[in-house]
Amino acid sequence: MDTHGSGSRARAAWPRSVDEALAEQERMRGLADLTSPGPAPGNVRLVAGVDVSYARQGDALVAAAVVLDATTLETVEVALVEGTVTFPYVPGLLAFRELPPVMAALEKLTCGPDLLVCDGYGVAHPRRAGLAVQLGVLTGLPCFGVAKTPFVFGHQEVGEERGYGAALTSDDDEVVGRVLRTQPGVKPVFVSVGHAISLDHACAHTLRLAPRYRLPETTRRADHLSRERLRAITL
DNA sequence: GCGACAG
DNA sequence: ATCTTGTCGC
Numbered sequence: 001m002d003t004h005g006s007g008s009r010a011r012a013a014w015p016r017s018v019d020e021a022l023a024e025q026e027r028m029r030g031l032a033d034l035t036s037p038g039p040a041p042g043n044v045r046l047v048a049g050v051d052v053s054y055a056r057q058g059d060a061l062v063a064a065a066v067v068l069d070a071t072t073l074e075t076v077e078v079a080l081v082e083g084t085v086t087f088p089y090v091p092g093l094l095a096f097r098e099l100p101p102v103m104a105a106l107e108k109l110t111c112g113p114d115l116l117v118c119d120g121y122g123v124a125h126p127r128r129a130g131l132a133v134q135l136g137v138l139t140g141l142p143c144f145g146v147a148k149t150p151f152v153f154g155h156q157e158v159g160e161e162r163g164y165g166a167a168l169t170s171d172d173d174e175v176v177g178r179v180l181r182t183q184p185g186v187k188p189v190f191v192s193v194g195h196a197i198s199l200d201h202a203c204a205h206t207l208r209l210a211p212r213y214r215l216p217e218t219t220r221r222a223d224h225l226s227r228e229r230l231r232a233i234t235l
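Each residue of the first sequence is one higher than the one before, counting from 1 in UniProt numbering.
Don't read these hints as lab results, they were simulated from the structure.
Ideal placement from N, C-alpha and C gives every residue a C-beta, glycine not left out.
Hints should not be assumed to be uniformly reliable.
SDA-like mimics (lysine to any residue), calculated; alpha carbons at most 20 angstroms apart, straight line [as the list claims (entries may be wrong)]:
#1 K148 to E160
#2 K187 to G163
#3 K148 to R220
#4 K148 to V175
#5 K148 to V158
#6 K187 to H155
FRET-style restraints, in silico, Cβ to Cβ [to be verified]:
#7 E160 to A23: 41 to 47 angstroms
#8 R212 to R45: 19 to 25 angstroms
#9 E74 to R227: 19 to 25 angstroms
#10 G159 to R212: 16 to 22 angstroms
Go ahead and model the full structure; you've got the sequences and the hints to work with.
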């Protein structure tokens, strides 16, 4: 895929310390498009999901980028990258740990997706600059995040039926995401926008990508493939 | 000051 | 993220 264009403008020295990361994160947040409605499900042909698996011992990791046909959910292309950890896990700075290998995987793709889905949060983040925000800015593609566990924002009860949701609200009454029930009677997921897409569209995509399981197929497949490759090189 | 804290 | 046995259900 084309990782230049609007993406190259956002690229800078990749942080190696927490202080540098905080400064870079603030810069990236300023480059994010948080107002465009972006593509509705009907306007997306290819959607890509990314994920990273880590070895329990040592610093080996494997990143996966999986492209699906947005209509049939068939896998169109897969890219895997083996690498090593270059940044520690720090709550709020996950992007600096995961994005280097994720970008490498996306660069191996021959087809250019119209939309990116990642594990974790976008603007529903302490500094409004989660993983999905930074990935969207770096690639220039519409991007949103689907997280599996709560982070910093609370919400009201969510109906048990599939498709029901409740706003994730910041202290100042700002809607920064939505807790969304993707399967009836199953723990909901946390959707938040990253770049160039609206929360409504992000939730619509999430529901279409999760017809059978709690998590979007993009995330499920990227997770399976990266984990499978990791075990192969770890043993 | 102390805990909590996406993956 | 990763570790980790059995168990309930389609």
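*Using the Cβ atoms, figure out if E74 sits within 19 to 25 angstroms of R227.*
Given range 19 to 25 angstroms: holds, Cβ gap about 21 angstroms.
*Verify the proposed pairing of K148 with V158, using a straight-line Cα cut of 20 angstroms.*
Measuring from Cα to Cα gives roughly 15 angstroms; hence the hint holds.
*Range hint 19 to 25 angstroms: satisfied by the CB atoms of R212 and R45?*
21 angstroms, holds
*asked:* Quick check on a hinted range of 41 to 47 angstroms for E160 and A23, using CB atoms only.
replied: 43 angstroms, holds
*Would you check the hint for K148 and V175, treating anything up to 20 angstroms between C-alpha atoms as holding?*
The hint holds at about 18 angstroms.
_Satisfaction of hint between H155 and K187, Cα-Cα up to 20 angstroms_ = Holds, at about 14 angstroms.
*Within 20 angstroms, alpha carbon to alpha carbon, are K148 and R220?*
With a Cα-Cα distance of about 12 angstroms, the restraint between K148 and R220 holds, given a limit of 20 angstroms.
*Per the hint of 16 to 22 angstroms, is the separation of the Cβ atoms of G159 and R212 within bounds?*
Holds, at about 19 angstroms.
_Hinted pair K148 and E160, Cα distance within 20 angstroms_ = 17 angstroms, holds
*Given the hinted pair K187 and G163, is their alpha-carbon gap at most 20 angstroms?*
The given pair, whose Cα atoms are some 12 angstroms apart, holds under the 20 angstroms limit.
Violated hints for the displayed structure: none, as all numbered hints are satisfied.
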